[in-house]
Amino acid sequence: MIAAIRSLLRHRPLVESLVSRELKARYRGSVLGFLWSFVNPLLLLLTYTLVFTVILPNRQPDIQPFFLFLFCGILPWTWFQASLSESSGVLIASANLIKKVLFPAEVLPSVCVLANLAHFLLGLPILLLFLAWQGKLAWTAVLLPLPILVQLVLTLGLSLFLSALTVHFRDIQNILSHALHLWFFATPVIYSYAAIAEGTPLRRALRLNPMTHVIVTYQQMLFHGNVDHWRGLFLALLVGVLAFAAGAFLFDRLRDTLAEEV
Amino acid sequence: MTTPAIVAQGVVKRYRRFAHKNQLRTLKSALLTGSVLADLAPEETFTALEDVSFEVARGSTFAVIGENGSGKSTLLKLVAGITRPTRGSLAVDGRVSALIELGAGFHPEISGRENVAINAMMLGLTRKQLERSYDAIVDFAELRDFIDAPVKTYSSGMYMRLGFAVAIHVDPDVLLIDEVLAVGDEAFTRKCLDKISELRRRGKTILFVTHSLGLVEKMCDDVLWLNQGRTRGRGDPKRVVDEYLTYVAGGEEALLRSRSAADAAQAESAPATDAPEDAGAPGAYRPGRWGSREVEIRQVRLVDARDRERHVFVPGETLTLSLSVHAAAPVDDFVFGIGLFAADGTCVYGTNTDLEDWKPIRIEGEAEVRLSLEGLRLVEGTYLVDLAAHKRDGTPYDYLRGLHSFRVKSRIKDVGIYRPQHHWSFSGGAALDPPQERGEMELDGG
Chain A
0 MIAAIRSLLR HRPLVESLVS RELKARYRGS VLGFLWSFVN PLLLLLTYTL
50 VFTVILPNRQ PDIQPFFLFL FCGILPWTWF QASLSESSGV LIASANLIKK
100 VLFPAEVLPS VCVLANLAHF LLGLPILLLF LAWQGKLAWT AVLLPLPILV
150 QLVLTLGLSL FLSALTVHFR DIQNILSHAL HLWFFATPVI YSYAAIAEGT
200 PLRRALRLNP MTHVIVTYQQ MLFHGNVDHW RGLFLALLVG VLAFAAGAFL
250 FDRLRDTLAE EV
Chain B
0 MTTPAIVAQG VVKRYRRFAH KNQLRTLKSA LLTGSVLADL APEETFTALE
50 DVSFEVARGS TFAVIGENGS GKSTLLKLVA GITRPTRGSL AVDGRVSALI
100 ELGAGFHPEI SGRENVAINA MMLGLTRKQL ERSYDAIVDF AELRDFIDAP
150 VKTYSSGMYM RLGFAVAIHV DPDVLLIDEV LAVGDEAFTR KCLDKISELR
200 RRGKTILFVT HSLGLVEKMC DDVLWLNQGR TRGRGDPKRV VDEYLTYVAG
250 GEEALLRSRS AADAAQAESA PATDAPEDAG APGAYRPGRW GSREVEIRQV
300 RLVDARDRER HVFVPGETLT LSLSVHAAAP VDDFVFGIGL FAADGTCVYG
350 TNTDLEDWKP IRIEGEAEVR LSLEGLRLVE GTYLVDLAAH KRDGTPYDYL
400 RGLHSFRVKS RIKDVGIYRP QHHWSFSGGA ALDPPQERGE MELDGG
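If you're matching them up, the sequences are chains A and B in order. Quick note, in numbering that gives the first Met the number 0, the first sequence goes up one by one and the last residue is 261. Quick note, in numbering that gives the first Met the number 0, the second sequence goes up one by one and the last residue is 445.
Just so you know, these hints were derived from the structure itself, not from any lab. Careful: at least some of the hints might be erroneous.
[Unchecked claim] Derived, one-sided and incomplete: chain A residues facing chain B with beta-carbon distance under 10 Å:
#1 R20
#2 D61
#3 P103
#4 D255
[To be verified] Derived, one-sided and incomplete: chain A residues facing chain B with beta-carbon distance under 8 Å:
#5 L8
#6 S16
#7 L17
#8 A131
Each residue gets a CB set at the ideal place from its N, CA and C atoms; glycine is no exception.
Work out the full structure: start from the sequences and follow the hints.
Right under this line is the structure:
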């Protein structure tokens, strides 16, 4: 795990260039270009707002205006989900590179995570703008780096794990999209964690999900303006560190087989 | 030349043959021990390299030759560190740059400039080093006007030039080159070769994988010949290349022989028709040896004008066939003959001492027979040689059919078999640029 961190730090210029290439290449040729980083979350928000205010209106009093509550959860979730689904295929997509160039392969899934982090960070000002407009913006927003860090560690670990494993088991790519879908509903993004009664099996199940704690922290810092979910966030950090260690371990174990199997 | 740049000891490389069998078991062993391959049964693996050992001296140019599938590229990937040996050890001293595929990892949507930066960093350059060599890279690639255009708009030639330029400017201690020069146009290839020569002069270690034997003889200090993953030859380029060419010709021979063992046995017993001209029809040509051995051809050497043994010649050179013969008892009725055949069995030329009116008097004990073919006028190709000692009525003493071969290499890819000495001349309204003076390849290097 230490070795993985050191390798990533040593290749930081490469990671940086690849992330910036990823960002540039994604919107190259489109009319809106970089604006898509802002438009994408807005469109996503619009869809969910339509669903949950017109079709299935949510009237829970503590999470009104609901579209804003949604926004606080969906933005980080999009980062998480896009990172995992991209990194599961990234080694196979870069087979050419892995087979032909001596190249630290762990850079590739990391770039997926970091590029999506960049998208998240670009979307964040829009969210803050909306919060300010609705008078919801609180001082707790300055604590945002904490859940971001926890999510980064967790996502990196899972990305390393999935990317290396998918090379050997291509089935993962297919399963993953469904698993992420389920995971989305098992995370309090479109509903409120607080509304689920203490002691119920559902609540207990949700508590096992590290993303629950990350998302709840975001919602508290951005939407509610009071943070008391520290224990949950700390647990999520522990899980994240474990996931990172496991991911780095697996990646290292499978490293020598990557060039042969992709 | 103190410590070697590359040391390989007993390198074995096995690949999984069936990629998706017993996956769960493999996963378990991968997780527990990290050795996916060691646990697989032999029938599930394919051995690409078996017990290969060699050293490459610092500053030398080393070539790996062999047929397709002999393990050359596998070896190169091992040296590059892209894959690891299943067993054995491989140590490389210094920074390695591998030209296995030019421009691997270029992203089509972004500019040449950014691709150069990313590619250089992937190959291990720091940002500072990149800044220093960036201009040299762009100039070498001759792409100054296009460097800000997306790479997807480049022609394949431009793409390769850029890829080569980056790889070569990484300033490696050890440069690995896998047949990449085979794809460029002539001007580009020449430029690359010049650059490689420059690196050689600067004392860099170069490892080539190539099918271009001319290049091997011209540029390399040392050659490793791989055959089905095993070391088949090693050492002086000229010797190893000659051995390799002999082997390649021999491969055809073995193929022909195995086609009909019965026919070969028949040929052994039946008195052969002696004159090689009779076997002129393609397909009727089967290598073998037969005869009573009253006069025995004990050794055959193909030598050049300086009496050095060779198997590769260029048109215009002198090829001498030197036969050591031995007659246990005195013989007074004997004829020596030779025949040259193209690889498809077409008779190119045949003659013997009787046809040319040499009258045999006596042969006894050791003797040497030499036939010099001055100014070899053949086009590029592999040629098989028949050598025979027989009676004037054709009864064979010792008939060696197609057991020796040589290869003619030429820059000019003219067709047919025979190349008459010729020159072009034009007059009147015809205007042509004469070819660039480049002469034939120097194979003897001396």
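Going down the list of hints, with the structure as the test:
1. R20: 6 Å, holds
2. D61: 45 Å, violated
3. P103: 9 Å, holds
4. D255: It holds, given that the least Cβ distance between A/D255 and chain B is near 5 Å, below 10 Å.
5. L8: Constraint on A/L8 not satisfied, violated at 14 Å.
6. S16: Hint on A/S16: holds, closest Cβ of chain B at ~5 Å, below 8 Å.
7. L17: 6 Å, holds
8. A131: 36 Å, violated
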